Amino acid sequence: MRISPTKFISLLFLVLSVFYLYTAYNIQVFAFDENAPFNARTFPIYLGWAGIVLSSLKIVLPEKNTIIVNHKHLDYKSITYLVIISLIYAAVILKIGYFISTSLFLFASYYFLGERRWGLMFILSFPFVAAFMYLLHGLLNIYLRDPFLKYIGVMG
Amino acid sequence: MIEGILIGLSTALSFTNILMVMVGCFAGTIIGMLPGLGPMTAIALMIPITYGFDPSTGLILMAGVYYGAVFGGSTSSILLNAPGIPGTVATAFDGYPMAQQGKAGKALAIAAYSSFAGGTISAIFLLIAAPSLSKVSLAFRSPDYFALMILGLTAISAFSSKGQFLKAMMMVVLGLMLATVGQDSLSDITRFTFNNMNLTDGISFVLIVMATFAMSEALTIIFRGKDPNRAAKQISLTELGSIKVNKEETIKMAKTIPRSSILGFLIGVLPGAGATIASFLAYGMERNYVNEEEKQKFGKGSVHGLSAPETANNAACSGSFVPLLTLGIPGSGTTAVMLGALLGFGIQPGPRLYQTNPEIFWSVIMSMYIGMVVLLILNLPLIPYIARILAVPRNYLIPLILFFSVTGIYLMSFNNFDIFLMIGIAVVATFLRLYDFPMPPLILAFVLGGLMEETLRRSLLISDGSPNFLWDRPITLIILIITIVIIFWQVFSTFRKKT
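So the protein sequences, as listed, match chains A and B. In terms of numbering that gives the first Met the number 0, the first sequence is residues 0 to 155. In terms of numbering that gives the first Met the number 0, the second sequence is residues 0 to 498.
Nothing false has been slipped in among the hints.
Some, not all, of what chain A presents toward chain B, calculated at C-beta under 7 Å:
#	residue
1	P36
2	F37
3	V68
4	S77
Don't read these hints as lab results, they were simulated from the structure. Being a predicted model, the structure only gives us computed values, none of them experimental. The beta-carbon is built from N, C-alpha and C at its ideal position, and this holds for glycine as well.
Chain A on its own, in the form it takes in the complex (with noise of 0.2 Å):
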């Protein structure tokens, strides 16, 4: 038997609601409150049960028009390397700062979209960044942590 993709994920959703409702259920309330007309559990209790009688109709109920995902029109290449090269980017922001994490993750996703053209690359990415921290740090007063631009003392 094959399950659509769609029936897939709504099947997920049902796990996810069911383990919404279990996490739901064991909220800490206070003594005082647990009898309470309406407590901290109250709301996501019925999002709970909402999300398992959606997702449990959607599985149940035969599909109006099945979506045709055509996997070989899909670049899954070029997306990993965009979400990999965003998850260093991430990971790296608070280390080594704003201006050359952010200059150094645009250059590298120019490049590997498939960008050659060096001299546009290296201006899209570093003077870019230094104009665009300018304009929210220098012109509109917007704090921008850069402890390695602060080291240089570029920034205060």
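We have chain A already, so just place chain B on it with the hints.
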């Protein structure tokens, strides 16, 4: 009232105040265009600057920023499908497809005209009906608000689901579930945090909207890069098109604008409802009003579908000033920030504001007209330049969207957990979009989640746990009946298509 209008005009038309409206509208448009930086951020940024001004000037500047940011948010919705604020999510439904068809300039022009008309008409309503309308909003109680939010969520599910109502409702529940993460507002009990300190304050709206719109849109463009149909669409993205609106489109806008203005204004008056519900309801209402042929165009670049939410969200902006100025109750998050600023000036908004500070009340109303004119004069000629964002090649545009998304989150919290969470949600949202699970219901549910729980809590406590509150009050009952009619209509139309 004539005396008040004259006082307002003389204050609003001073050189300083006109300059403030212009600066506010321009700064608001630029900030609002950046995904993640909406009107609340823009106004919050202005508060320190306004302390040097007199209260009228300060409030006029903030009002200008508000309108500008709403218009700027529409621009990023139309061009990038990346709404900076929830009030412009519905704008993307038809604005973005229109841009994809090479009519970005036209979509922005329609948005500008609709915003102008919606804002101007509702400013007239505000002028005439402010005192009496505040009584209407006072009549609303917690059960009515709860029912109104149920109606809003059902309506968005019905109208954005492309015939897949159950999928949309599942997204609503998912949005509400995400909204329950963090501390309970009343008891401070932490829920669904799994002992992670980063989740104690809950998940931010900007994170969710960035992940499900901006970032997942960027990933989807890359993901479907090999799709021949999709590739053709990307090529057409570089065509900016004319900003001229033809006669047929003008007629369509002329039909949509009055009804969306009225709806937007009335919804805006209700505290807490604001531009988001107004734009979604206007979109849904418009879809019901038009003929079958036009209905088919919704979600594919309909003029009605773009004009309605744009008119309504601007009308709601003006409407949200009613409870702020006459009751001292903010109608939206943005006006809540303004309330804070007013209190900083030593002014307590409320029914006595008419008597104690008439120049503030009337000059803000008068500055709305001036603001709308400034927005139109400022933005319309700039549209071809603004729309050039689309001419950026995909290889540059996608990393830049990701960069804006991450920056928006980084600016808020300076921690990388939020960025990891955003990437995770964006990947899940990308797969959900692939199988037509709509994101707008999730966003609206997430925004309304906290308020919905709060109103349900009050309603149940007042009725001592009994569900009677759902039918005790006529307003609640009427709203719920409309909700049930929408649900049955969805079931019926699904059944009719099958047979």
